[in-house]
Amino acid sequence: GQQLNQSPQSMFIQEGEDVSMNCTSSSIFNTWLWYKQEPGEGPVLLIALYKAGELTSNGRLTAQFGITRKDSFLNISASIPSDVGIYFCAGRRLPDSGGGADGLTFGKGTHLIIQP
Amino acid sequence: NAGVTQTPKFQVLKTGQSMTLQCAQDMNHEYMSWYRQDPGMGLRLIHYSVGAGITDQGEVPNGYNVSRSTTEDFPLRLLSAAPSQTSVYFCASGQSAKNIQYFGAGTRLSVL
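Keeping their order, the protein sequence lines are chains A and B.
Oh and the first sequence: position 37 is 37 in the working numbering, straight run, nothing missing.
Oh and the second sequence: position 1 is 1 in the working numbering, straight run, nothing missing.
So that you can see chain A by itself, here it is in the shape it has in the complex (with noise of 0.2 Å):
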C-alpha cells in the first residue's frame, strides 16, 4: 500500500523549544491531515490542509501544504508540557490512485517528549 515516511521518529525537547516534523511520500495527496493522539485516547484532528501551498495556523501550531503535493510540515512554537504526544500525519490520495479504501494513508506517528 501507500507509505508516508514521518519523521523524526521521536524528540526530545526542552519546554519553550519549537519542534518541526515532516511527512514525505512518494504519492501525490489532495489533503493533509495532523493528529495529536495522547496515552489511552484516539487522535485527534490539529489541522487539515486541502490546497498545496496551503499554510494554516492553529494557536502555536502551524502545518504547511508542500507545493509538490508529497509533502507536509508541521510546526509547534514555543513548546510546552502538555504538548507531550504523537503526532501523526494522515494523507488522503486522489480517488484514482488506487489502494487503500478512503485513500486516508497514516504515517508512523512523532514521539513528542518535552523535558521541563
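For the record, the hints were derived by calculation from the structure and aren't laboratory data.
Misleading hints may appear alongside valid ones.
[Said to hold, decoys possible] 25 Å max Cα-Cα, derived DMTMM-like pairs, lysine to aspartate or glutamate: (1) B:Lys98 to B:Asp56; (2) A:Lys70 to B:Glu59; (3) B:Lys9 to A:Glu38; (4) B:Lys98 to A:Glu15; (5) B:Lys9 to A:Glu54; (6) A:Lys70 to A:Asp18; (7) B:Lys9 to B:Asp38; (8) A:Lys51 to A:Asp71; (9) A:Lys70 to A:Glu54; (10) B:Lys9 to B:Asp73; (11) B:Lys14 to B:Glu72; (12) B:Lys98 to A:Glu54; (13) B:Lys98 to A:Asp18; (14) B:Lys98 to B:Glu59; (15) B:Lys98 to B:Glu72; (16) B:Lys98 to B:Asp73; (17) B:Lys14 to B:Asp38; (18) B:Lys9 to B:Glu30.
Since we're looking at a predicted model, the values are computed, not measured.
The hints should help you fit chain B onto chain A, whose structure is shown.
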C-alpha cells in the same frame, strides 16, 4: 456531546474465541471506519462503510467482519481471534470519506 463511542475499552481473548467490538456515533455521519494501531505503526484501515447497508474492505481486512445496519452503529467482529490481532482498535466517523474523521477512544485487545 458523545461523538464516537467504543466499547469495551479493554478485552482479553483466548485464541479461537470470537467477539464483537462496538462503535456508535451520534453525529449522523454517513462514513464510518475501523483502524488498528500497532507499536511503531501508523493506523491501518480494516473496513469502512459509506452508509447504512454498505461496507467494504480496507488495507488489512482478513480475520474481521463488519456490518452497518444503522447509520449510528458499525460493529467489528473477530470470528476466530489470533495473537496477531492483538492491537488497539479505533473506530472513526465523518460526514463522508472526504471529510474530517473523528476517532473514538479505542479498544485495547489482547489475544492470548
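To see whether the hints hold, each was checked on the structure:
With a C-alpha separation of about 16 Å, the suggested pairing of B:Lys98 with B:Asp56 holds against the 25 Å cut-off. Restraint check for A:Lys70 and B:Glu59: the C-alpha separation of about 21 Å stays at or below 25 Å, so the hint holds. At most 25 Å may separate the alpha-carbon atoms for a hinted pair to count; B:Lys9 and A:Glu38 meet this at roughly 15 Å. Between B:Lys98 and A:Glu15 the alpha-carbon distance is near 36 Å, which puts this suggested pair outside the 25 Å criterion.
Taken as a hint, the B:Lys9 and A:Glu54 pair is broken in the structure, with Cα atoms around 37 Å apart against an allowance of 25 Å. For a cut-off of 25 Å, the pair hint linking A:Lys70 to A:Asp18 stands: about 24 Å separates their Cα positions. In summary, the hint linking B:Lys9 to B:Asp38 is supported, as the alpha carbons are separated by about 16 Å, within the 25 Å threshold. Taken as a hint, the A:Lys51 and A:Asp71 pair is honoured in the structure, with Cα atoms around 12 Å apart against an allowance of 25 Å.
Between A:Lys70 and A:Glu54 the alpha-carbon distance is near 13 Å, which keeps this suggested pair within the 25 Å criterion. About 16 Å separates the Cα atoms of B:Lys9 and B:Asp73, which keeps this hinted pair within 25 Å; it holds. For the suggested pair B:Lys14 and B:Glu72, the alpha carbons sit about 29 Å apart, so the restraint of at most 25 Å is broken. With a CA separation close to 17 Å, the supplied pair B:Lys98 and A:Glu54 stays within the 25 Å bound.
At roughly 31 Å between alpha-carbon atoms, B:Lys98 and A:Asp18 are farther apart than 25 Å, so this suggested pair is violated. Taking the CA atoms of B:Lys98 and B:Glu59, the gap is near 17 Å; set against the 25 Å cutoff, the hint holds. Of the pairs offered as hints, the one joining B:Lys98 and B:Glu72 holds, with about 19 Å between alpha carbons and a cut-off of 25 Å not exceeded. Restraint check: the Cα-Cα separation between B:Lys98 and B:Asp73 comes to about 20 Å, which is no more than 25 Å; the hinted pair holds.
Proposed proximity of B:Lys14 and B:Asp38 is supported: the alpha carbons are some 19 Å apart, at most 25 Å. Distance restraint check for B:Lys9 and B:Glu30: the Cα-Cα separation of roughly 24 Å lies within the 25 Å cut-off, and the hinted pair is therefore satisfied.
Hint violations for this structure: numbers 4, 5, 11 and 13, all remaining hints satisfied.
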